[in-house]
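Q: From first to last, the protein sequence lines are chains R and U.
Just so we're aligned: 702 in the numbering used here is position 2 of the first sequence, and the numbers increase by one with no gaps anywhere.
Just so we're aligned: 319 in the numbering used here is position 106 of the second sequence, and the numbers increase by one with no gaps anywhere.
Possibly wrong hints are sitting among the right ones.
Below, in silico cross-link-like pairs of lysine-lysine (DSS-like), each with a Cα-Cα straight-line distance of 27 angstroms or less [said to hold, decoys possible]:
(1) K467/U - K495/U
(2) K295/U - K538/U
(3) K620/U - K775/R
(4) K624/U - K775/R
(5) K768/R - K495/U
(6) K322/U - K768/R
(7) K295/U - K768/R
(8) K775/R - K538/U
(9) K724/R - K495/U
(10) K718/R - K319/U
(11) K775/R - K322/U
(12) K785/R - K295/U
(13) K322/U - K480/U
(14) K718/R - K538/U
(15) K785/R - K495/U
In short, the hints are calculated from the structure, not lab data.
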Amino acid sequence: MSSDSFDIEKIALLARLKLTDEEKTRLGRQFAGILEHIDRLNQLDTENVEPTSLVLPLQNVFREDVVKQTFEDGKYLPLAPRQDKEHYEVPQIL
Amino acid sequence: MHQPTIIQARHQLKEKKYSAVELLDAVYKRIDVVDGKVKAYIHLTRDIAHRQAEEADQKLAAGEDAPLLGVPIALKDLICMKGTHTTCASHILENFVSPYDATVVKRLKEAGAVLIGKTNMDEFAMGSSNENSYFHVTKNPWDLNHVPGGSSGGSGAAVAANECMGALGSDTGGSIRQPAAFCGITGLKPTYGRVSRFGLVAFASSFDQIGPMTKTAEDAAILMNVIGGHDPMDSTSADVALPDFTAALSNDVKELKIGIPKEYFGKGLNADIEKTVLEAIKTLESMGMQAIEVSLPHTEYAVAAYYILACAEASANLSRYDGVKYGYRSGHADNLMDMYTNTREEGFGEEVKRRILLGTFVLSSGYYDAYYLKGQKARTLIKQDFEEAYKKCDLMVGPIAPAPAFKLGEKLDDPLQMYLSDIFTISANLAGIPAMSIPCGQSKDNLPIGLQLMGKHFDEETLLNVAHRYQHTTDHHLQHPTL
Chain R
701 MSSDSFDIEK IALLARLKLT DEEKTRLGRQ FAGILEHIDR LNQLDTENVE PTSLVLPLQN
761 VFREDVVKQT FEDGKYLPLA PRQDKEHYEV PQIL
Chain U
214 MHQPTIIQAR HQLKEKKYSA VELLDAVYKR IDVVDGKVKA YIHLTRDIAH RQAEEADQKL
274 AAGEDAPLLG VPIALKDLIC MKGTHTTCAS HILENFVSPY DATVVKRLKE AGAVLIGKTN
334 MDEFAMGSSN ENSYFHVTKN PWDLNHVPGG SSGGSGAAVA ANECMGALGS DTGGSIRQPA
394 AFCGITGLKP TYGRVSRFGL VAFASSFDQI GPMTKTAEDA AILMNVIGGH DPMDSTSADV
454 ALPDFTAALS NDVKELKIGI PKEYFGKGLN ADIEKTVLEA IKTLESMGMQ AIEVSLPHTE
514 YAVAAYYILA CAEASANLSR YDGVKYGYRS GHADNLMDMY TNTREEGFGE EVKRRILLGT
574 FVLSSGYYDA YYLKGQKART LIKQDFEEAY KKCDLMVGPI APAPAFKLGE KLDDPLQMYL
634 SDIFTISANL AGIPAMSIPC GQSKDNLPIG LQLMGKHFDE ETLLNVAHRY QHTTDHHLQH
694 PTL
């Protein structure tokens, strides 16, 4: 792995961020330093090491399949920046 | 009115030395006097708090009791309280009003707490200095030219400046412990899964934990009794019995073995911190504990592993801020893609963007194995370091940060240096263990220094017990800044 591989335009698109040219330059320079530090993990032999995604020994957590009202009706749609009384409104998709 | 600890306020309210409303008024008066300088709060919830204080007075008059009845508590502004703003110190959530209570808020309300306001933080809890807030920068009450730490810097400064009796913070890589150390207060990051995250705005879900920030270990134990315990609304909350943390405070500490991780001392550690922490270890020995050297050999890889994993989780968690269901939406967009990208460009600050980009990169096609999987494997090695060390000791002790609170602006242009300042706190989050910070002295410049206590999974009792006994023996926690 190498910090040269960091294509900021491609990553910004994947992250749905529109960066200014100045941000691209500054962040790109900072990422070079950060990735250089991260690359020290290559010193570790992890051939036979299992990955840890969560520290607790949790398996699937199930609950009874019972219908309950978690939240009050009518409290959520009004939080949207654009909505009519029944739908979220977004700019034209097609 | 002298500003009491939680335990003192509880006694004085019951003895009717003052009412809950009088105590609340005194706290708001203090905020009115000092918060123009400290800037610990984003929002005050005066009306709600006043109603809660009146209810507390009615209950006190009726002879009722509850663990926090009438006690003013502050919340970090990423914990949802119904009907109030929860901004995460971000432009993108500037106008967001929580439609429900976080589990910890529900439990605080049931315990009779008076919830006085929401404290400042680094945007989405990403930062170590509180300088990443969209709203304003919180100052360290001990020296207004220095940072209060972060990301729970508002909660840390509010407790240190006597602007509340206690507060809740959250800790993903040190965000309770480092501001507690910088502000000279007590802070506890519980075991991952000990406290429900329901209603806590997510940053990195396998690391985030809510915890108490208080003037004493005894107060932290009282808050843990209220906020801890299993919650069906958070599937990662642990279904293990909740002990009475206040009862554990009087346990004998004489037979305990404290491990001193050798990697936490030496090169890069500020001389004042090293001297003060070693003195604190001598004090613990004088209390009957036995100190032994232990090793956490993968410590130097912790920052790298953490920034891969936490940023990866953040990039996924923060994808929800898209301008559709809640939060800010850009006014400049003709199509859906531009709406997303403009909303996120205008709504997020630079550190948040930096971490979303880093997280997106390490998860992207072709780099997942080299970065994300490697980070997860390094996490296993770090976790195993702790398992090995705890075979030899009951808890570990070391510094919280390599240096005392730094100056405002000092590390702003160098994110890697800012990240590296979290070297001693990050491992506890990677391993999921409980860890706490207690004041253990001051630097030459009169800035507080914190002592870190790290425990075994679900053994907050030993940490609180040792911290409480230490605070019986020393008076570092009784020092207050002059404002």
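Q: Could you run down the list of hints and mark each one as holding or not?
A: Going through the hints against the structure:
no.: 1; hint: K467/U - K495/U; in the structure: holds (14 angstroms)
no.: 2; hint: K295/U - K538/U; in the structure: holds (18 angstroms)
no.: 3; hint: K620/U - K775/R; in the structure: violated (43 angstroms)
no.: 4; hint: K624/U - K775/R; in the structure: violated (42 angstroms)
no.: 5; hint: K768/R - K495/U; in the structure: violated (56 angstroms)
no.: 6; hint: K322/U - K768/R; in the structure: holds (23 angstroms)
no.: 7; hint: K295/U - K768/R; in the structure: holds (20 angstroms)
no.: 8; hint: K775/R - K538/U; in the structure: holds (12 angstroms)
no.: 9; hint: K724/R - K495/U; in the structure: violated (51 angstroms)
no.: 10; hint: K718/R - K319/U; in the structure: violated (39 angstroms)
no.: 11; hint: K775/R - K322/U; in the structure: holds (21 angstroms)
no.: 12; hint: K785/R - K295/U; in the structure: holds (22 angstroms)
no.: 13; hint: K322/U - K480/U; in the structure: violated (46 angstroms)
no.: 14; hint: K718/R - K538/U; in the structure: holds (20 angstroms)
no.: 15; hint: K785/R - K495/U; in the structure: violated (66 angstroms)
Violated hints, listed in ascending order, are 3, 4, 5, 9, 10, 13 and 15; each of the other numbered hints is respected by the structure.
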